[in-house]
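Start from the sequences, fold in the hints, and give me the full structure.
Number of protein chains: 4
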Amino acid sequence: MSQVFIHKHRVSYAECTVGNHVYYARYLDILEQARGEFFRAAGKTCKELQDLGFIFPVLDCHISYKGPARYDDLLDVQVYLIEVGRVRVSFKYSILNESGKILVTGETTHVCTSLDEKPRRLPEDLTAFCQKFVHDQLLK
Amino acid sequence: MSQVFIHKHRVSYAECTVGNHVYYARYLDILEQARGEFFRAAGKTCKELQDLGFIFPVLDCHISYKGPARYDDLLDVQVYLIEVGRVRVSFKYSILNESGKILVTGETTHVCTSLDEKPRRLPEDLTAFCQKFVHDQLLK
Amino acid sequence: MSQVFIHKHRVSYAECTVGNHVYYARYLDILEQARGEFFRAAGKTCKELQDLGFIFPVLDCHISYKGPARYDDLLDVQVYLIEVGRVRVSFKYSILNESGKILVTGETTHVCTSLDEKPRRLPEDLTAFCQKFVHDQLLK
Amino acid sequence: MSQVFIHKHRVSYAECTVGNHVYYARYLDILEQARGEFFRAAGKTCKELQDLGFIFPVLDCHISYKGPARYDDLLDVQVYLIEVGRVRVSFKYSILNESGKILVTGETTHVCTSLDEKPRRLPEDLTAFCQKFVHDQLLK
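Residue numbers (our numbering), protein chains in the order written: chain A, 17 to 156; chain B, 17 to 156; chain C, 17 to 156; chain D, 17 to 156.
No lab work stands behind these hints: they were computed from the structure. Quick caveat: nothing in here was measured; it's all calculated off a predicted structure. Yeah, the Cβ is synthetic: ideal placement off N, Cα and C, and Gly gets one too. Fair warning: there could be bad hints in the mix.
Stated by the list, open to error - A short, non-exhaustive set of chain A residues, derived as facing chain B with CB atoms under 8 Å:
hint, residue
1, Ala41
2, Asp45
3, Leu68
4, Phe72
5, Leu75
6, Asp76
7, Cys77
8, Ser80
9, Tyr81
Shown next, in the form of structure tokens:
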């Protein structure tokens, strides 16, 4: 049975813009933090993976904005996967506020490379961990 | 004949991250600056439009990363449109470095609303200006 | 006996710049998060205080950089006060890494105002809470 | 006669926060951009200096906030120096809006180091350029 990884995020003033809502680019910062915690939970942090010669540049990012996150909101960032390939991995995200309303959905695709950015097979233990979070269908 | 709007951007340290390249979220900041200049060229700034009761929340954003922008690069941000509807407008962007290499392509879709976020028809003069920048086909 | 308030912060890629260290401006974002948690602990969040007509604009900020914070560092942000006046409050901060090394010290001075930015006496319960964190001497 | 270096900056939404003013940390981003242009005018960009083995880490930063910069303001960032030592340089800044009102004053102190962060004498031509911008007294 597939799982969803949850990362909690508290909205700060630094992330908000005119009109009191999170600036559209800042959600990508939040998704990066969530991915960082996902990797940590998978057994090796991004830093440890980098020391082992694995990095995960973003190829593509797609975000849909459905409602504003506000200052001091405590957000649930749900992380799961839609594809774990040999050298590619695609994450899917939903960001919800405390009322359970979905504010943002997103997707990022990454390639696994060596430090000189040559494509490289994902570490086996990472692939195994990721498999548990793969969903055949998109969650709403 | 359709046109492309150009905004120049100099990369600062604030925009870069580990590995000396622009952080993936910062490109959205740069696209916002380019849209701001596009609106100014169209005759009214975002601020003036807001004072007239028009705002343009982002519904959707899609970015493809093709190569890294580096500290101090002078970027060309090309802006054009793929759709100007009654209440919606979709911008398309290409970011190139000084060698003419495309580093990033992107697309943002906005809805035109009143300040209380009810859909509202685009101002006529803005629509007319935008029409000049509509491309039937995607540029590469 | 006076206390120190502790806020934990995990460094993300978004906060780092070329050379793999936290960008000098981002520490101010981190201090704001720490102040937000301090206010929450004091009984009312900044948002609740704002709803009651109290805001705390920054008058002055002073930061000393003693060593770099790196990606994925788990930082201790120590918060205490050096002055709680009738309409002013001065926070003092030390940011330490997991080895206990002080990376940054800082100070911010805020004025308490109404929403139209007229000076206003600090709420009594906030003053009482703050008093517990006042240190006569600067901590190292 | 001593000079002042001017850098122009247009405020974007990305830099603003709740209440429609520039977020207090973002001014440091703006000062970095101004320093970058100052170095370019001095003959070598920060990137070129880095390639020659000179970097300028910030030791200390002090900002006073006197009034809010707003979205779309075109700011004048005035840069001058208060000290050019053998291995240290202190910049002073005033940020003004189009009405000539001073919104922010600031000061940053930098040490010149080699890439492995050992103190290093400033390049001679940089020192000579800087001398032209040294003011004995603080400007208002």
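We went through each hint and held it up to the structure:
1. Ala41: Where the cut-off is 8 Å and the nearest Cβ of chain B is about 4 Å from alanine 41 of chain A, the hint holds.
2. Asp45: 5 Å, holds
3. Leu68: 16 Å, violated
4. Phe72: 11 Å, violated
5. Leu75: 6 Å, holds
6. Asp76: 5 Å, holds
7. Cys77: 5 Å, holds
8. Ser80: 5 Å, holds
9. Tyr81: With a closest approach of 5 Å, the tyrosine 81 of chain A hint holds.
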